[in-house]
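Peer 1: Sequential numbering from 1 applies to the sequence shown in UniProt numbering.
The set of hints was computed from the structure by calculation and includes no laboratory data. Treat each hint with caution, since some may be false.
[As the list claims (entries may be wrong)] The calculated lysine to aspartate or glutamate pairs, modelled on EDC-like cross-linking and capped at a C-alpha distance of 20 angstroms, are: (1) 5 to 34; (2) 88 to 147; (3) 188 to 177; (4) 188 to 147; (5) 5 to 40; (6) 164 to 134; (7) 122 to 145; (8) 36 to 11; (9) 164 to 147; (10) 19 to 40; (11) 88 to 129; (12) 46 to 34; (13) 127 to 163; (14) 188 to 134; (15) 88 to 177; (16) 135 to 177; (17) 122 to 163; (18) 135 to 163; (19) 88 to 145.
[Unchecked claim] Distance ranges between label pairs, derived from CB positions: (20) 54 to 171: 34 to 44 angstroms; (21) 151 to 104: 15 to 25 angstroms; (22) 87 to 163: 14 to 24 angstroms.
Owing to the predicted nature of the structure, the values given are computational and were not obtained by experimental measurement. Every residue gets a Cβ at the ideal spot worked out from N, C-alpha and C, and that includes glycine.
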Amino acid sequence: MNGIKYAVFTDKSIRLLGKNQYTSNVESGSTRTEIKHWVERFFGVKVIAMNSHRLPGKGRRMGPIMGHTMHYRRMIITLQPAVDSQVKSNPRNNLIYGQHHCSKGRNARGIITAGHRGGGHKRLYRKIDFRRNEKDIYGRIVTIEYDPNRNAYICLIHYGDGEKRYILHPRGAIIGDTIVSGTEVPIKMGNALPLSARYSNMEKTKLFQAPTKPEAPLVSKRGGRVIHISFDGQRQIES
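Taking the hints into account, I'd like the entire structure generated from these sequences.
Peer 2: Listed below in structure tokens is the structure:
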């Protein structure tokens, strides 16, 4: 198929790459169905959206001859992420429990004190392992699931000792990848270092660690996101 001419690499198109969108110039006479069929067949991907823009030709002059270039179209093709095609919504029964929302915006007398609360679809809470205390035991990502209680996906991990737990989905991880927690694990997306691990060369809002002490211990973690690092046994910062 001769519909796609060449890929476009501009500041805007490079920013769109982070959204899994690709920009290319196409022939004026080509249709969306043809381009979609060719992209899916040649690259083996799933196209979920296509936006086209007509760009007029530019005027030119070559000696005594004046004219203009041909009109063409620029198309932004959105591909389905590889992770989204693996997402499921069938959680394990022993890792979920119901939530009880009692207030729904009412006080003890049943009067509405906060508007637009309550209702919605029933949701089951998934137990997420934020501690990652399975030390030096490799686990395999079995499923990638949707969690209605958060924006991120979650992964079901099967560890070598038979333990099964949910963790937040590491970006770029797919089914079949392995993860591990421990003191000497490789620095890789999905792996976790334990508490008391030594860190160095850290920066927090232009605050560098004192050069007289090139490392500091990790003392606690909250919510899988906030890290407390102790300096000199007294001062702590959050990251």
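Peer 1: Go ahead and decide if the range 14 to 24 angstroms is satisfied by the Cβ distance of residue 87 to residue 163.
Peer 2: Between residue 87 and residue 163, where Cβ atoms are some 23 angstroms apart, the hint holds.
Peer 1: Quick one, are residue 135 and residue 163 close enough, alpha carbons at most 20 angstroms?
Peer 2: holds, 12 angstroms
Peer 1: Given a hinted range of 34 to 44 angstroms, is it respected by the beta-carbon distance of residue 54 and residue 171?
Peer 2: holds, 36 angstroms
Peer 1: Compare the distance between the alpha carbons of residue 36 and residue 11 with 20 angstroms, and conclude whether the hinted pair is satisfied.
Peer 2: The hint is violated at about 24 angstroms.
Peer 1: Taking 20 angstroms as the top limit, are the C-alpha atoms of residue 46 and residue 34 close enough?
Peer 2: holds, 14 angstroms
Peer 1: Within 20 angstroms, alpha carbon to alpha carbon, are residue 127 and residue 163?
Peer 2: holds, 14 angstroms
Peer 1: Against the 20 angstroms threshold, does the CA-CA distance of residue 5 and residue 34 hold or violate the hint?
Peer 2: Holds, at roughly 13 angstroms.
Peer 1: Take the C-beta atom of residue 151 and the C-beta atom of residue 104, compute their distance, and say whether it sits inside 15 to 25 angstroms.
Peer 2: Between residue 151 and residue 104, where Cβ atoms are some 23 angstroms apart, the hint holds.
Peer 1: Is it true that the CA of residue 88 sits at most 20 angstroms from the CA of residue 145?
Peer 2: holds, 5 angstroms
Peer 1: What's the verdict on residue 122 and residue 145, does the C-alpha distance respect the 20 angstroms limit or exceed it?
Peer 2: holds, 17 angstroms
Peer 1: Next pair to validate is residue 19 with residue 40; report whether the Cα-Cα distance is within 20 angstroms.
Peer 2: Given pair residue 19, residue 40 holds - Cα atoms ~18 angstroms apart, limit 20 angstroms.
Peer 1: Tell me if the straight-line CA distance from residue 5 to residue 40 falls inside 20 angstroms.
Peer 2: holds, 16 angstroms
In this structure, the earlier hints numbered 4, 8, 17 are contradicted, and the remaining ones agree with it.
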